[in-house]
Amino acid sequence: MSEALQLVANGVVIGSVIAVSAVGLTLVFGILKLINFAHGDFLTLGAFVAVVGTGAGLPLYVAAIPAIVVGAGIAGGLEKVLWRPMRRRGASTVHLLIISIGLALVLRHIIFWVFGSGVYRYMPVSRRIDFGPFSLTPQDAVIVAGSAVALFATALMLQKTRIGKAMRALSDNRDLAEASGINVDRMAMITWLIAGVLTAYGGILLGLQGRVFANMGWFLLLLIFAGVILGGIGSAYGAMIGSLLIGITQELATHSAIGVPSDLKTSVAFLVLIVVLLVRPQGIMGKKQAL
Amino acid sequence: MIGYLESMLLIAGIFALLAQGLNLHWGFTGLLNFGHVAFFAVGAYTMGILKTQFDVPLLPSFLAAMVASTLLGVIVALPAIRLRADYLAIVTITIGEIFRLILKSAPGVTDYTRGPRGIRGFSNEFYFFRDDIGLGFLSPDQYLMLVVWTTVAIVGLLLWVLIKSPWGRVLKGIREDEDAVRALGKNVTAYKLQSFALGAAIGGLAGVYFAMSIGSLAPDTYLPIITFQAWTIMMLGGSASHWGPVVGSIIFWAIFNGTLYIPREFLSGAEAAYLRQIGIGALIMAIMIFRPQGILGNREEMVLDR
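In order, the protein sequences belong to chains L and Z. Heads up, the final residue of the first sequence is numbered 291 in my numbering, and it's a clean run with no missing numbers. Heads up, the final residue of the second sequence is numbered 306 in my numbering, and it's a clean run with no missing numbers.
Hints in this document: simulated from the structure, not taken from any laboratory. One or more of the hints may lead you astray.
Said to hold, decoys possible - SDA-like cross-link-like pairs, simulated, lysine to any residue; straight-line CA separation at most 25 Å:
#, chain 1, residue 1, chain 2, residue 2
1, L, Lys-33, Z, Ala-282
2, L, Lys-80, Z, Arg-291
3, L, Lys-265, Z, Ala-218
4, L, Lys-80, L, Ile-182
5, L, Lys-33, Z, Pro-292
6, L, Lys-80, L, Val-69
To be verified - Residues of chain L clear of chain Z, computed beta-carbon distances all greater than 10 Å:
#, residue
7, Ala-9
8, Gly-57
9, Leu-60
10, Arg-121
11, Ser-126
12, Val-149
13, Ala-153
14, Leu-156
15, Asp-172
16, Leu-176
17, Glu-178
18, Ser-180
19, Ile-182
20, Ser-256
For glycine and all other residues, C-beta sits at the position ideal for the given N, C-alpha and C.
The whole structure should be built from the sequences, with the hints applied where relevant.
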């Protein structure tokens, strides 16, 4: 039992990282119908900017600021020079998807080129603290708390602000939203900026586990997809729940009673992704007509 | 120069074959397959395991490799093919990764695949065979090159005939408008399945040749980047063009291998490797933005606008 609790705790930690990243991905999909394969590399970028900051002696919470600014800047800049012109030319979902795969390769290997294939960290990971039935490192605790704050803020933004309402409206019914006077290009830019902030932030949280390396975001990408699709693509709340479930599932799979080797735990999460797509492609929270 | 040409044409032939399979999936049927590397791997591994651990002769092991990749194609396609295009992309890339992880570390499977250490010593019989058919004067690479390009020619011809046939017209119809084809009473799923299985078999055969060319098998060779390279080649040459994979592959590998000759003083080996990947990504983006139909393709035959 205690083993299971510990695994659930680990799952919540990784699930929290996935959730922050997944919300950005799913918001972009909801508004732009783009499945962004470069999303994982946005994560990596955020973590590396933070590493540069901590390497220069800044505390992490200060180094996070330039990381988030760069994340939002790149996301917004790409919307301006790449995605908007492509949309104007009537590019389809598939067309944009293939472009994002090229973009992912470019971004990731620029990071490789600059930082090499080494593993960096912000700080040494501290010893685990005992919370009774399970133990976590202080970094893990920061990940969970930091993710909860970001998710809560996102939910608040979606529910209470005009921008949030416009985003939900666009994602629910694009034509109707456009007809009621919502400026799609402006909303697309705002969505990208929010996604850029969330993703860079997610990357910083991911790096808190102690390993910042050029492939980190790419390795997480399929898990993010799994979280998004399990929750229902386009639904921000679904992405939060789906990501936590994915995190917990892949950790619990390594329980001694189940016995999946830890090298294979991500394949369990991938399997969940495939099964969900086959059985209930709209996910937990998604609506059938959104498909 | 001869050495450059030989190694370039060899790898170009192998990837032309891989891209031919992909072209059947995407170019002619409109299936967004981003897990093509799985077929490449299953072909290579089936042949390698049969040769080294069960002492199966050359031809049967080649056939078994194609059968195994066909089977994997059917297994992947049966559930996945009903999905919308972008979901199919996610599912196929995921299956490719699951497959690599299983080859690398699944208990039971690693007894045969030897996990990350991989398999060696399966290629002797293939290379010795050239003496038996009187081609002993060729170097191993030249011989493999001849075999590969002969296969590319045969597969190209086969695809040309198939796509011209009523079967091929149904595939193109599915690509253009699935519902219309269904309304005509065709079993769309069955046609997609056949396309997927045949393309997978071609990919499996390419995997066998690839394994022969490098002489060893290791799970981490089969990363998604192989799929992306095949996509780049297919799109560069032109999807839905019969010459596309050939032209695309030669251009791609001429450039790619050319960068191997950049002197180390300018660029370290690792930097050059990263630069090549950046180049592949930039090429994918450039083709999609400026000329989605590639060099030889026809804009009318692109399914991107739907």
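Verification of the hints:
For the proposed pair Lys-33(L) and Ala-282(Z), the alpha carbon gap of about 22 Å is at most 25 Å, so the pair holds. Our distance criterion of 25 Å between C-alpha atoms is met by Lys-80(L) and Arg-291(Z), whose separation comes to about 20 Å. Annotation: proposed proximity of Lys-265(L) to Ala-218(Z) holds, straight-line Cα distance about 20 Å (limit 25 Å). Taken as a hint, the Lys-80(L) and Ile-182(L) pair is honoured in the structure, with Cα atoms around 18 Å apart against an allowance of 25 Å.
The hinted pair formed by Lys-33(L) and Pro-292(Z) meets the criterion: a straight-line CA distance of about 19 Å does not exceed 25 Å. A distance of roughly 16 Å separates the Cα atoms of Lys-80(L) and Val-69(L); the hinted pair therefore holds under the 25 Å criterion. Here Ala-9(L) stays apart from chain Z, with its beta-carbon at least about 24 Å from theirs, past the 10 Å limit. Once the 10 Å rule is applied to beta carbons, Gly-57(L) is consistent with being away from chain Z; the minimum gap is 28 Å.
Residue-level check passed: Leu-60(L) sits 27 Å from the nearest beta carbon of chain Z, beyond 10 Å. Once the 10 Å rule is applied to beta carbons, Arg-121(L) is consistent with being away from chain Z; the minimum gap is 21 Å. Ser-126(L), annotated as away from the interface, keeps every beta carbon of chain Z farther than 10 Å; the closest lies near 30 Å. Listed as a non-interface residue, Val-149(L) keeps its Cβ farther than 10 Å from every Cβ of chain Z; the least gap is roughly 29 Å.
A cut-off of 10 Å between C-beta atoms confirms that Ala-153(L) is not in contact with chain Z; the least separation is 28 Å. Remark: the non-interface label on Leu-156(L) is consistent with the geometry, its nearest Cβ contact in chain Z lying 30 Å away (cut-off 10 Å). The claim that Asp-172(L) lies off the interface holds: its Cβ sits roughly 19 Å from the closest Cβ of chain Z, which is beyond the 10 Å cut-off. Once the 10 Å rule is applied to beta carbons, Leu-176(L) is consistent with being away from chain Z; the minimum gap is 22 Å.
No beta-carbon of chain Z is positioned within 10 Å of the beta-carbon of Glu-178(L); the least distance is around 20 Å. At the 10 Å boundary, the C-beta of Ser-180(L) stays outside the reach of chain Z, the nearest C-beta of that chain being 27 Å off. Every C-beta of chain Z lies more than 10 Å from that of Ile-182(L), the closest at about 24 Å, which supports listing it as non-interface. The non-interface label for Ser-256(L) is consistent with chain Z: the shortest C-beta to C-beta separation is roughly 14 Å, beyond 10 Å.
In summary, the structure agrees with every hint in the numbered list given earlier.
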